[in-house]
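Engineer: Chains as they are written, first to last, in our numbering: chain L, 4 to 276; chain X, 4 to 276; chain U, 4 to 276; chain P, 4 to 276.
No wet-lab data here; the hints were simulated from the structure. Every value quoted in this text rests on a predicted model; they were computed, and no experiment measured them. Hints may contain errors.
Since the list gives no way to pick one copy over another, a pair counts as held whenever it fits inside one copy or between any two copies.
Here are the simulated lysine to aspartate or glutamate pairs, EDC-like style, with alpha carbons at most 20 Å apart [to be verified]:
hint, residue 1, residue 2
1, 12, 71
2, 40, 271
3, 237, 164
4, 142, 68
5, 40, 21
6, 12, 188
7, 40, 272
8, 167, 135
9, 237, 166
4 protein chains.
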Amino acid sequence: MAEFFYEGKRVYYEIHGDSGEPLVILNGIMMSTASWKSFIPNFSRNNIVILVDFLDQGQSERMTESYDHSLQVGVLETLIDLLPYEKVSVMGISYGGEIAIQYAVKRPERIRRLILANTACRTSDWLRKIGDGWNAVAKTGIGEAYYLTTIPVIYSTGFYEREKAWMDRREGTLIPYFSRPDVLESLIRLTDSSRDYDYTDRVGEISLPTLIISCSEDGLVPPTEQIMLHERIKGSHYVTINGSGHASMYEDPASFCALVLGFTNLLDDPITI
Amino acid sequence: MAEFFYEGKRVYYEIHGDSGEPLVILNGIMMSTASWKSFIPNFSRNNIVILVDFLDQGQSERMTESYDHSLQVGVLETLIDLLPYEKVSVMGISYGGEIAIQYAVKRPERIRRLILANTACRTSDWLRKIGDGWNAVAKTGIGEAYYLTTIPVIYSTGFYEREKAWMDRREGTLIPYFSRPDVLESLIRLTDSSRDYDYTDRVGEISLPTLIISCSEDGLVPPTEQIMLHERIKGSHYVTINGSGHASMYEDPASFCALVLGFTNLLDDPITI
Amino acid sequence: MAEFFYEGKRVYYEIHGDSGEPLVILNGIMMSTASWKSFIPNFSRNNIVILVDFLDQGQSERMTESYDHSLQVGVLETLIDLLPYEKVSVMGISYGGEIAIQYAVKRPERIRRLILANTACRTSDWLRKIGDGWNAVAKTGIGEAYYLTTIPVIYSTGFYEREKAWMDRREGTLIPYFSRPDVLESLIRLTDSSRDYDYTDRVGEISLPTLIISCSEDGLVPPTEQIMLHERIKGSHYVTINGSGHASMYEDPASFCALVLGFTNLLDDPITI
Amino acid sequence: MAEFFYEGKRVYYEIHGDSGEPLVILNGIMMSTASWKSFIPNFSRNNIVILVDFLDQGQSERMTESYDHSLQVGVLETLIDLLPYEKVSVMGISYGGEIAIQYAVKRPERIRRLILANTACRTSDWLRKIGDGWNAVAKTGIGEAYYLTTIPVIYSTGFYEREKAWMDRREGTLIPYFSRPDVLESLIRLTDSSRDYDYTDRVGEISLPTLIISCSEDGLVPPTEQIMLHERIKGSHYVTINGSGHASMYEDPASFCALVLGFTNLLDDPITI
Chain L
4 MAEFFYEGKR
14 VYYEIHGDSG
24 EPLVILNGIM
34 MSTASWKSFI
44 PNFSRNNIVI
54 LVDFLDQGQS
64 ERMTESYDHS
74 LQVGVLETLI
84 DLLPYEKVSV
94 MGISYGGEIA
104 IQYAVKRPER
114 IRRLILANTA
124 CRTSDWLRKI
134 GDGWNAVAKT
144 GIGEAYYLTT
154 IPVIYSTGFY
164 EREKAWMDRR
174 EGTLIPYFSR
184 PDVLESLIRL
194 TDSSRDYDYT
204 DRVGEISLPT
214 LIISCSEDGL
224 VPPTEQIMLH
234 ERIKGSHYVT
244 INGSGHASMY
254 EDPASFCALV
264 LGFTNLLDDP
274 ITI
Chain X
4 MAEFFYEGKR
14 VYYEIHGDSG
24 EPLVILNGIM
34 MSTASWKSFI
44 PNFSRNNIVI
54 LVDFLDQGQS
64 ERMTESYDHS
74 LQVGVLETLI
84 DLLPYEKVSV
94 MGISYGGEIA
104 IQYAVKRPER
114 IRRLILANTA
124 CRTSDWLRKI
134 GDGWNAVAKT
144 GIGEAYYLTT
154 IPVIYSTGFY
164 EREKAWMDRR
174 EGTLIPYFSR
184 PDVLESLIRL
194 TDSSRDYDYT
204 DRVGEISLPT
214 LIISCSEDGL
224 VPPTEQIMLH
234 ERIKGSHYVT
244 INGSGHASMY
254 EDPASFCALV
264 LGFTNLLDDP
274 ITI
Chain U
4 MAEFFYEGKR
14 VYYEIHGDSG
24 EPLVILNGIM
34 MSTASWKSFI
44 PNFSRNNIVI
54 LVDFLDQGQS
64 ERMTESYDHS
74 LQVGVLETLI
84 DLLPYEKVSV
94 MGISYGGEIA
104 IQYAVKRPER
114 IRRLILANTA
124 CRTSDWLRKI
134 GDGWNAVAKT
144 GIGEAYYLTT
154 IPVIYSTGFY
164 EREKAWMDRR
174 EGTLIPYFSR
184 PDVLESLIRL
194 TDSSRDYDYT
204 DRVGEISLPT
214 LIISCSEDGL
224 VPPTEQIMLH
234 ERIKGSHYVT
244 INGSGHASMY
254 EDPASFCALV
264 LGFTNLLDDP
274 ITI
Chain P
4 MAEFFYEGKR
14 VYYEIHGDSG
24 EPLVILNGIM
34 MSTASWKSFI
44 PNFSRNNIVI
54 LVDFLDQGQS
64 ERMTESYDHS
74 LQVGVLETLI
84 DLLPYEKVSV
94 MGISYGGEIA
104 IQYAVKRPER
114 IRRLILANTA
124 CRTSDWLRKI
134 GDGWNAVAKT
144 GIGEAYYLTT
154 IPVIYSTGFY
164 EREKAWMDRR
174 EGTLIPYFSR
184 PDVLESLIRL
194 TDSSRDYDYT
204 DRVGEISLPT
214 LIISCSEDGL
224 VPPTEQIMLH
234 ERIKGSHYVT
244 INGSGHASMY
254 EDPASFCALV
264 LGFTNLLDDP
274 ITI
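So here's chain L without its partners, still in its complex pose:
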């Protein structure tokens, strides 16, 4: 619906809703603005919501060379600078939460409230190996192997059982998609852009009203990582969606939306008991 350019690359974004606190939504690594389609009626009920595809995602331009997170932080900074709001609330999930953390450290004066879902303050040694594995499989070019290596691990055992038909359809859609060399190349770059991410020390600079959303069955960014966030971000609020895996917005959309919108729409004055 709209676009801007960052370092010569086209960035796609969408704005939905007429009034209310503006809320920027940042995608996980394999997501795009399209992933949020069914959330828009709720997101835009009492809020202006801004969706955006990072570079190498969705309808934004593909990159050709490797980069790190600072590229996407720049994308986000440019987006928020062009929006007509003094401050916005920002919700990032996983990769999006990592970019949100780095933006919040850099430009805290532009953020009203920060929501970090399934997010870590660093790429741990362990997660780096997981990402290396994804990329080693991507390099074989075999879409099915890539699907099986990257997608099931994102969901919980319980979701797989409850939503078997949906997962099967998803498999049918994603295997051909993951068989495209251009797609795999984008995913390799996106994954590699997280390799050296480490804000363990700097995340503590954040003093914004912050909500941390963890999921009990998140096997990719497990609760231990969100506990690290909570211990470092002073005054942060820390909730868990029980039974959900890493893709919390799909596993329990109602709890996810309730938390994101409920926290965004709190008044600025803290509730003093």
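Start from chain L and add chains X, U and P according to the hints.
Structural biologist: Only chains X, U and P this time, still in chain L's reference frame:
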């Protein structure tokens, strides 16, 4: 601000807010409408919120004889019947959640969304003994002993450390209050009204959109009880406020409000991924 | 079966078993050597086990004036000094674990392995209030009120349901016992002896092989306290008995014994993978 | 050290220790008798321990065609039948625990005590996809991709950080090993042998003294699976090794050994409180 009569007894209630989904808030056993004072700006921002004192609570009339939960379910039924809304959302915490469960089974057609915080579907053998202990101490008439027996257990260790000055002020207020025979008599009746509560079998009749809020440090109605609720109420959503004890609205008001208001303000259509 | 004197007071202890690693067992506050009767066949199968009543417990002498933990640490030091072993393993539960921590800091050269069950490194502000409540009720002299205030909270909801007949028998035994002024006076002193306990800083001096046993349903010394221990005692091992409350040795004797004996009987050389 | 034949295939096993309760140890899928080398001094201190390589593992014979779990249950049955003990205790981890469950249902009269570490009663839809992914990568023949896909997920984030040097050495050893076609073919068959495993209904037939060992950071067979086991096996004991991933024997050998040996060496008579 308003009152009605139930079985000849005066019931006090308040309405705040101009528009939006109506939300009825049901107190925990030792709470009253006054407990929610600092929450009203948030509660009434996008919603009409109805607060009510159960009989033997706050500004509602004292009882003289013993009763069980059905009395308070009747109070709630009468309240909702006189409100000009086809449906309301209901949030009950602890004792209030127990009344909400029984009302939801009885009058599901009047509820839009149900939120159960720190709530169980029964008074377990264990909790009955805890309540018997409270009442045994109440019968000594010693306010300080009653305070020490009933209040600290409601909060988490971490809250006690973070909010020591607040807890000390509360102790200063509550010990004289708990030294009044009329107050102790009301509390004895309220506690006893839960003795035979057991909706273990019937809670499964609920098919409303339901959010269950559990707290990791709730030593009075521990997460095992909320897991029971979640397993029995089909399709219920189940989140945990980490680090909070039983009095979740005081320990983490922002997370509490975000969940309650966020869930209340979701659209009726489920989000279909 | 044996006794010694500490500061003029008689201390009762028992030794069971013929051979194997010696293991000293330290009681929780309301326990005594008699509490371990049914554990002796397992404890003494491959080990020499030493049971002891702290002063004001079981068959040891009653005190007349108030004291703090250092008294019981002295009892333990005297006991271990008179035993014919260069080193012993020490298992303390709750109050006993607190004494064990202080002894381990003072005399690490005498301990082979340390096991801390349901133990904290300090009396938190919260737990101090709980203890104050116990003592306020004790001072009423009403055995039933004291029983209801102190005993149910020690057990999990699940145990109460599984072992209702046992709990009822225990209530029948303990209410008359807790109605004796001398018993209540001992319990008041024992409880007060923990008021100022704070080894938060010093517990980190322990570098012994240490096993921390936590219980998921421990409402008195909740897992957050054992996490503190684990973070402070470098290299400590940290396990949870699921479903058990504070009285882990009664709620799940098999898991408790397996952990205590299994850890005690490991060889000195660490297992190098 | 010893061998027998099952359906014409050679099975390798070892016996260590002189006396005490006999204990059969069953490997996880990528393990072998060699994996337990450093555990033998502790295992054999007070016990006779029997290690065995399943077919397609370690020094047992390779298979050439696909099979299911019943093959390995047959191996175990044959092994126990040839041992000179009326009963043995059995500890199985992951794949080994699955075989143990099926054997325990089939031949309960031969088992004294059962220990299930990091084990499920079924291959969930989710886990089947994970296994399919492993095999899809194995079929590429790329040892590094297979290593990165299968090994990191077995360990916790914390272990990776604490034991980085060990993980690096392991990577150096395993990548060449996983580059051998014969090894990958065995691993493919072993993984496929679990595809249709489902003892969800039958596991409840087990009434042996059973200890379930779960690990808080097990991302492969998460605690939800062990909760299923615990709910189905009446009277089972359920403990958690905190901070450990799926490979619990490597992540916390002391806690692992303490639990396995401590539970094995309990007397037959239950501890009656």
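Engineer: Between the shortest in-copy and the shortest cross-copy C-alpha distance, which are at most 20 Å for residue 40 and residue 271: within, between, both, or neither?
Structural biologist: between (29 Å within a copy, 17 Å between copies)
Engineer: Give the relationship of residue 237 and residue 164 under a CA distance limit of 20 Å: within one copy only, between copies only, both, or neither.
Structural biologist: Between copies only: 15 Å across chains, 38 Å inside a chain, cut-off 20 Å.
Engineer: Pop the pair residue 40 and residue 21 into one bin, within, between, both or neither, using alpha-carbon distances up to 20 Å.
Structural biologist: Close inside one copy (17 Å), not across copies (31 Å); limit 20 Å.
Engineer: Under a CA distance limit of 20 Å, which applies to residue 142 and residue 68: within one copy, between copies, both, or neither?
Structural biologist: within (16 Å within a copy, 30 Å between copies)
Engineer: Evaluate residue 167 and residue 135 at a C-alpha cut-off of 20 Å and name the case that applies: within, between, both or neither.
Structural biologist: between (28 Å within a copy, 16 Å between copies)
Engineer: Checking residue 12 and residue 71: alpha-carbon separation at most 20 Å within a copy, between copies, both or neither?
Structural biologist: Within one copy only: 15 Å inside, 53 Å across.
Engineer: Cα distance capped at 20 Å. Does residue 237 pair with residue 166 within a copy, between copies, both, or neither?
Structural biologist: between (37 Å within a copy, 15 Å between copies)
Engineer: Which holds for residue 40 with residue 272 at a C-alpha limit of 20 Å: within a copy, between copies, both or neither?
Structural biologist: between (32 Å within a copy, 14 Å between copies)
Engineer: With identical chains treated as interchangeable, where does the CA-CA distance between residue 12 and residue 188 reach 20 Å or less: within a copy, between copies, both, or neither?
Structural biologist: Result: close within a single copy only, 17 Å intra versus 46 Å inter.
Violated hints: none; the structure is consistent with every hint.
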